[in-house]
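J.: Both chains come to you apart, so use the hints to assemble them.
Going down the list, the sequences are from chains A and B. Residues in the first sequence are numbered consecutively from 350, following our numbering. Residues in the second sequence are numbered consecutively from 692, following our numbering.
Derived by calculation from the structure, the hints in this document are not laboratory data. Here the structure is a predicted model, which is why all the values come from computation and not from measurement. Hints are not guaranteed to be accurate.
Okay, derived cross-link-like pairs now, DMTMM-like style, lysine to aspartate or glutamate, Cα gap no bigger than 20 Å in a straight line [unchecked claim]:
{"#": "1", "chain 1": "A", "residue 1": "Lys466", "chain 2": "B", "residue 2": "Glu1177"}
{"#": "2", "chain 1": "A", "residue 1": "Lys463", "chain 2": "B", "residue 2": "Glu1177"}
{"#": "3", "chain 1": "A", "residue 1": "Lys473", "chain 2": "B", "residue 2": "Asp850"}
{"#": "4", "chain 1": "A", "residue 1": "Lys456", "chain 2": "B", "residue 2": "Asp1126"}
{"#": "5", "chain 1": "A", "residue 1": "Lys473", "chain 2": "B", "residue 2": "Asp936"}
{"#": "6", "chain 1": "A", "residue 1": "Lys466", "chain 2": "B", "residue 2": "Asp870"}
{"#": "7", "chain 1": "B", "residue 1": "Lys939", "chain 2": "B", "residue 2": "Glu908"}
{"#": "8", "chain 1": "A", "residue 1": "Lys456", "chain 2": "B", "residue 2": "Asp850"}
{"#": "9", "chain 1": "B", "residue 1": "Lys1125", "chain 2": "A", "residue 2": "Glu462"}
{"#": "10", "chain 1": "B", "residue 1": "Lys874", "chain 2": "B", "residue 2": "Asp804"}
{"#": "11", "chain 1": "B", "residue 1": "Lys809", "chain 2": "B", "residue 2": "Asp891"}
{"#": "12", "chain 1": "B", "residue 1": "Lys1173", "chain 2": "A", "residue 2": "Glu465"}
{"#": "13", "chain 1": "A", "residue 1": "Lys466", "chain 2": "B", "residue 2": "Asp850"}
{"#": "14", "chain 1": "A", "residue 1": "Lys463", "chain 2": "B", "residue 2": "Glu810"}
{"#": "15", "chain 1": "B", "residue 1": "Lys1046", "chain 2": "B", "residue 2": "Glu810"}
{"#": "16", "chain 1": "B", "residue 1": "Lys824", "chain 2": "B", "residue 2": "Glu855"}
{"#": "17", "chain 1": "A", "residue 1": "Lys456", "chain 2": "B", "residue 2": "Glu1124"}
{"#": "18", "chain 1": "A", "residue 1": "Lys466", "chain 2": "A", "residue 2": "Glu455"}
{"#": "19", "chain 1": "A", "residue 1": "Lys466", "chain 2": "B", "residue 2": "Asp1120"}
{"#": "20", "chain 1": "A", "residue 1": "Lys456", "chain 2": "B", "residue 2": "Asp1120"}
{"#": "21", "chain 1": "B", "residue 1": "Lys1048", "chain 2": "B", "residue 2": "Glu1038"}
{"#": "22", "chain 1": "B", "residue 1": "Lys1125", "chain 2": "A", "residue 2": "Glu455"}
{"#": "23", "chain 1": "B", "residue 1": "Lys1125", "chain 2": "B", "residue 2": "Glu1093"}
{"#": "24", "chain 1": "A", "residue 1": "Lys473", "chain 2": "B", "residue 2": "Glu1179"}
{"#": "25", "chain 1": "A", "residue 1": "Lys466", "chain 2": "B", "residue 2": "Asp1126"}
{"#": "26", "chain 1": "A", "residue 1": "Lys456", "chain 2": "B", "residue 2": "Asp1150"}
{"#": "27", "chain 1": "B", "residue 1": "Lys889", "chain 2": "B", "residue 2": "Glu801"}
{"#": "28", "chain 1": "B", "residue 1": "Lys1173", "chain 2": "A", "residue 2": "Asp468"}
{"#": "29", "chain 1": "B", "residue 1": "Lys1064", "chain 2": "B", "residue 2": "Glu1038"}
{"#": "30", "chain 1": "A", "residue 1": "Lys463", "chain 2": "B", "residue 2": "Glu1179"}
{"#": "31", "chain 1": "B", "residue 1": "Lys1125", "chain 2": "A", "residue 2": "Asp468"}
{"#": "32", "chain 1": "A", "residue 1": "Lys463", "chain 2": "B", "residue 2": "Asp935"}
{"#": "33", "chain 1": "B", "residue 1": "Lys824", "chain 2": "B", "residue 2": "Asp1126"}
{"#": "34", "chain 1": "A", "residue 1": "Lys473", "chain 2": "B", "residue 2": "Asp935"}
Have a look at the derived ranges for each label pair, beta carbon to beta carbon [as the list claims (entries may be wrong)]:
{"#": "35", "chain 1": "B", "residue 1": "Arg1122", "chain 2": "A", "residue 2": "Glu448", "range": "46 to 54 Å"}
{"#": "36", "chain 1": "A", "residue 1": "Arg472", "chain 2": "B", "residue 2": "Asp1041", "range": "28 to 36 Å"}
{"#": "37", "chain 1": "B", "residue 1": "Ala808", "chain 2": "A", "residue 2": "Glu455", "range": "51 to 59 Å"}
{"#": "38", "chain 1": "A", "residue 1": "Glu465", "chain 2": "B", "residue 2": "Arg1122", "range": "29 to 37 Å"}
{"#": "39", "chain 1": "B", "residue 1": "Ala808", "chain 2": "A", "residue 2": "Glu465", "range": "41 to 49 Å"}
{"#": "40", "chain 1": "A", "residue 1": "Ala459", "chain 2": "B", "residue 2": "His937", "range": "30 to 38 Å"}
Note that the Cβ used here is the ideal one computed from N, Cα and C, for glycine as well.
These are the residues of each chain, in order.
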Amino acid sequence: MRKSLWAILIMSFIAFTLAGCATTRDLEKVQAQEKQTSAKAEQALQAAQDAQAAATAAKVDTAAQLEQANAAAMKAADAAARAENALKMAEERAKMAEERAKMAEEKTAAAEEKAEKADVIFRKSMKK
Amino acid sequence: MRYIMTSDRGGSVRKRCPARQYDGKLYEKMISDFSDDNKMFFLTPGRISARIFASDRRPLFFAFVLFTFLYGCALPRNAPVEPFPAPRRPEPKIEQKKAPEEKPLEENIERNDFPVAKEDDVVGRLAAVRIEKGDTLPDISRHFSLGIDAVRAANPVMDIWAPEAGKQAVLPLSFILPDVQRKGIVINLAAMRLFQFKEDGNSLSVTTYPIGVGTEERPSPTGQMYIERKMYRPTWYVPASIADDHRKRGDPLPPIVPPGPMNPLGEYALYLNKSSYLIHGTNKPYSIGLRATNGCIRLYPEDIRKLYESTPVKTPVLIVNQPYLIGHRDGMIYMEVHLTPAELDAEAFDKVYAKLKYLDRKRDRRIDWKAVKRVLAEARGIPVPIGGGQKQSGKDMAGIVELKRPDKFYGKPEIPEWQIEGWYILAADLRNEKDAAKLAAVINHQGPHIPARVLSKTDSHRVIAGPFNNLNEARQAAKRLKIDLEIEGILMEPARK
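The following block holds chain B by itself, in its conformation from the complex (with noise of 0.2 Å):
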């Protein structure tokens, strides 16, 4: 057996070494630092013991462990030694922690067509979808199947026209259902939403839309009804009440508009037998959750024709407006209010109030009176549990789910590219760049499409709303920027004719 010495920061170290290294090369160099009086020995334990005990160095040697030993072994600490290998230790297992695992996005929820459980009132889930530059809620309203309005609501603090891109928007695709028998057609104004209910044998489905309903001045009728005839590319007379508005507004209408375009009835219409009230598409999809109507309900073109299709002559159509609902799914209760305290319904919060009181009585489901406080507050049209279960009462948002946002959205509005040959409208000239998109996305959510955007020098960003084939179409936009936007475009020649 073998052995080196070499100091190790002050204290002797007695490294075992494999024999192979002091073969050759190596060897040889560790023999001539020794003789040279270099600051490493090279002994064997034969050689050690001779010179040590057959010798006159014995007082030496003494001498020397008696100095080690009181000293240490305190050969020179910066020998200059082949760095040897060092017996390996295993290498500490080290559990490394492995990144909580991201759960990945859902691509798909599901927005219309839900199961309801014979006990339960509450149908969908909550959803989020991640914003980013140039969205805009309408946009992603009509995506997901949803009003604009209700997403508003959803998201009080965000900006409709220009969200603030990376937060999460989110998306009320949960609903309670109103407190009415489940047949036919549902529509509660207040939700403005309509609930189709399907029976097949002994279980119930419902295919719910976002819709547009009437404005204060000319509500929509509540109450029962049923479809009276259907009309696919519907003419659309005009009423004279509607009539004598755009007149006043300068705007006035041929008596009989043809289906097409400038058809407001859209593509699909279900005639209600209550005299003048339809069920129809748009041509203003951008309208859907506003309430905008003239007492008429309205869908987007897509639900519209979904609902033309599953939907015969005859279905009964109850029209409730229930601002206040209360909904139970899996034993909690849950809440859902459209109206914000200022436009308090005293009637239907009666009514609503004492239905809390009579669930409260019940041992087996307390009411969480300071949910029901902060729901009534917030108003943000969303189901949010107030008690009856293990479920923590006030908590809206737990078990949101987060969806992969989409690469484009449904029926997002394109603008054409720019046209030499094109005619345009200077709608605007705006310092405020943010302004400037936020107009060109209202002009161009109009119905019918309107392009527009924006085109930014160095302090100013001007709007301009275009491409138009010819003066005449050019013509017809400005005229309804000005009706409808207030706007004073001006008209802008081709740059090359």
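Isolated chain A (complex conformation) (with noise of 0.2 Å):
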């Protein structure tokens, strides 16, 4: 009997040993989860931080969009205000042109004036 119980014994302690204890299977089962947590792990941070550099180049790509818009606007707003300028310029000049052309026809009146008065001045010089 005793040897029975010793045997039940052993038996129930090979049997709870067994029971209690993971075995190499569940061993490398319990590995292989950590390894597929640590993997998944690893992927979300890698996945956190892929979002985290793409928000970030995303960050960078929209104050360089931003600051490209923004000096295209300066730029725009520049062509515009010298196109603006140029016109006013351009005004100016066809009026200055036409001030020109108005004291180059008064000159042209007066030379034209003076020339008919030296003219007359000297016929009647002529007389006796």
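T.: So, in structure tokens, the structure goes:
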């Protein structure tokens, strides 16, 4: 009996031991699960990092785009201002040209008048 | 016979060379060139045949021939070949086109005396002379015995006092004779010309001079007159009307002006039978061709002398006013107009229009009315063909004679050298150089002569009249400048008394 008890005990012990302790397969399983978990974690981390990087990049892009847009807007504004300025200057130039033409006309008229006057005076001076 | 084979841009050339070139050093050089495997072969026909046919080089030769045949003689192209004289080709005879021979310019042209053909009414030729810097139309007018207004009308765009250098001034030395009997003296007031007809047997000639005539206020008389008397160095008895005018201008005249430079009659006078009217010279030669007299007829001093000498007392003088003249020459009909459309003389125009209509009705003498219209509009005072012949109508400048420019224009006022002891008048200080030059020219052409020049600084051009011998002369000149030209001159004392 004792023997059988022992046997039972041993068996039980063995059974409990065996039941209580993880088997290699379990270990492997656990290990595999652990690995999986860690891999997932790593993946998640990576994804998070990527997302962060992407977010940062996106931020940078947006900033650059903003900057570009700003620059473009400034350029456009500058160009518009320049165009306006050019238009103004052209107008001024046209005005000046008109004034010059007027002055030239006046000068010509004055010269003609002067010449006519000189002619009249010369003719008068030729009288007795 | 020897041959040289040389390359010539990829093709074989066989040049026959003169034997003398194979002698001496040149020959040896060629041999050495050949032996050095240079890019030249120097062979004789004997050697060629011996080398080729008496040896085992036939295949090589044939290969060479084949190669050459197929490829052309591919001898090196850049062989340093001594330049052999290429066979001389007769140089092509290029007939060099001869430059069109420039017509030599005529030095002289008849200005006053012309023969008159029975059927013709047009005398003289149009001419042109090149302008140079400093020339004025009054100087050109006087030199060619023309009136100032006539030259101005012929050159409507030219500045009378500063014509552009390099341009050609047209000289209206062609005239349509007035439509009157050709006898004695005929004066056409509109053309401002005097015609003196001379008959010699069957031939008729005319001498013509430009004249100065009366103003609109005091026009010259028209009608038949004659020379009553002649006078050398006449005295001028100033008419009351002229004395009045002068007094009003602040320039009172003495009742009698003796002969001399201040006498406006000049040196010669022909008295007309119509009281107070004379044909005379002048002390203002640049008034000829202007309407500037009190009714008298003025001539250049050089012309009045000739007229005076060739005109006897009792010579008939017919004064007419014909602004529109029609004349014939060599079958052509010419028209000369002296009034612009603005100055239209309706009565005279109606007469000339009727004449043109009459001529147009004649089958052989069609009038080119377009040309008539143009002549009337331009009023250049020169005869222009308007129909009746082969010559193209309206081409007034065809056959114009280009004259050599004289070294000096006759009568051109001379300016004495600057004198330190002389008195001067500062007539004007102007910014424009051209204006200053014109003013100086106007002063220079006064009668009696007042010399004037332009002294230029960087930004001003001073017109200085003078030199005058003393203060009195300077004052007299200043007074004349003021009265005649409205110039307030400033007297300048001599720099060294």
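J.: Look at each hint and say if it fits the structure.
T.: Hint-by-hint comparison with the structure:
Under the criterion of a C-alpha separation no larger than 20 Å, the hint pairing Lys466/A with Glu1177/B is consistent with the structure, at around 11 Å. Between Lys463/A and Glu1177/B, the direct Cα distance comes to roughly 13 Å. Compliance with the 20 Å bound is thereby established for this hinted pair. For the hint pairing Lys473/A with Asp850/B, the CA-to-CA distance comes to about 19 Å; that is within 20 Å, so the pair holds. The straight-line distance between the Cα atoms of Lys456/A and Asp1126/B is roughly 13 Å, inside the 20 Å bound, and the hint therefore holds.
Distance check on the hinted pair: Lys473/A and Asp936/B sit about 12 Å apart at the alpha-carbon level, within 20 Å; holds. For the given pair, Lys466/A sits about 36 Å from Asp870/B by alpha-carbon distance, which is inconsistent with the 20 Å threshold. About 16 Å separates the Cα atoms of Lys939/B and Glu908/B, which keeps this hinted pair within 20 Å; it holds. Restraint check for Lys456/A and Asp850/B: satisfied, since their Cα atoms lie roughly 16 Å apart, inside the 20 Å limit.
Of the supplied pair hints, the one linking Lys1125/B and Glu462/A holds, its CA atoms being roughly 15 Å apart against a limit of 20 Å. Of the supplied pair hints, the one linking Lys874/B and Asp804/B holds, its CA atoms being roughly 15 Å apart against a limit of 20 Å. With a CA separation close to 13 Å, the supplied pair Lys809/B and Asp891/B stays within the 20 Å bound. For the suggested pair Lys1173/B and Glu465/A, the alpha carbons sit about 18 Å apart, so the restraint of at most 20 Å is met.
As the CA atoms of Lys466/A and Asp850/B are separated by approximately 14 Å, the hinted pair is consistent with the 20 Å bound. The suggested pairing of Lys463/A with Glu810/B is violated, with an alpha-carbon distance near 47 Å, which exceeds 20 Å. For the given pair, Lys1046/B sits about 17 Å from Glu810/B by alpha-carbon distance, which is consistent with the 20 Å threshold. Among the hinted pairs, Lys824/B with Glu855/B is consistent with the structure: their alpha-carbon atoms are about 7 Å apart, no more than 20 Å.
At roughly 15 Å between alpha-carbon atoms, Lys456/A and Glu1124/B fall within 20 Å of each other, so this suggested pair holds. A threshold of 20 Å between alpha carbons decides the hint, and for Lys466/A with Glu455/A the separation of about 16 Å falls inside it, so the pair holds. For the hint pairing Lys466/A with Asp1120/B, the CA-to-CA distance comes to about 18 Å; that is within 20 Å, so the pair holds. The hinted pair formed by Lys456/A and Asp1120/B meets the criterion: a straight-line CA distance of about 19 Å does not exceed 20 Å.
For a cut-off of 20 Å, the pair hint linking Lys1048/B to Glu1038/B stands: about 16 Å separates their Cα positions. Distance hint between Lys1125/B and Glu455/A is fulfilled; the C-alpha atoms sit about 18 Å from each other, no more than 20 Å. Distance hint between Lys1125/B and Glu1093/B is unfulfilled; the C-alpha atoms sit about 28 Å from each other, more than 20 Å. Taking the CA atoms of Lys473/A and Glu1179/B, the gap is near 17 Å; set against the 20 Å cutoff, the hint holds.
For the given pair, Lys466/A sits about 13 Å from Asp1126/B by alpha-carbon distance, which is consistent with the 20 Å threshold. Distance check on the hinted pair: Lys456/A and Asp1150/B sit about 19 Å apart at the alpha-carbon level, within 20 Å; holds. Between the alpha carbons of Lys889/B and Glu801/B the distance comes to roughly 17 Å, so the proposed pair stays at or under 20 Å and holds. A distance of roughly 16 Å separates the Cα atoms of Lys1173/B and Asp468/A; the hinted pair therefore holds under the 20 Å criterion.
Of the supplied pair hints, the one linking Lys1064/B and Glu1038/B holds, its CA atoms being roughly 17 Å apart against a limit of 20 Å. This hinted pair checks out: Lys463/A and Glu1179/B have alpha carbons roughly 17 Å apart, not beyond 20 Å. A hinted pair counts as satisfied when its Cα atoms are at most 20 Å apart, and Lys1125/B with Asp468/A qualifies at roughly 15 Å. Annotation: proposed proximity of Lys463/A to Asp935/B is violated, straight-line Cα distance about 29 Å (limit 20 Å).
Distance restraint check for Lys824/B and Asp1126/B: the Cα-Cα separation of roughly 14 Å lies within the 20 Å cut-off, and the hinted pair is therefore satisfied. Restraint check for Lys473/A and Asp935/B: the C-alpha separation of about 16 Å stays at or below 20 Å, so the hint holds. At roughly 20 Å, the beta carbons of Arg1122/B and Glu448/A sit outside the given window of 46 to 54 Å. For the hinted restraint 28 to 36 Å between Arg472/A and Asp1041/B, the CB-CB distance of approximately 30 Å keeps it satisfied.
One distance hint, 51 to 59 Å for the beta-carbon pair Ala808/B and Glu455/A, holds here, with the actual separation near 54 Å. A hinted range of 29 to 37 Å for the beta carbons of Glu465/A and Arg1122/B is inconsistent with their spacing of about 20 Å. A C-beta distance of roughly 42 Å is found between Ala808/B and Glu465/A, which places it inside the suggested range of 41 to 49 Å. As the Cβ distance of Ala459/A to His937/B is approximately 32 Å, the hint placing it in 30 to 38 Å holds.
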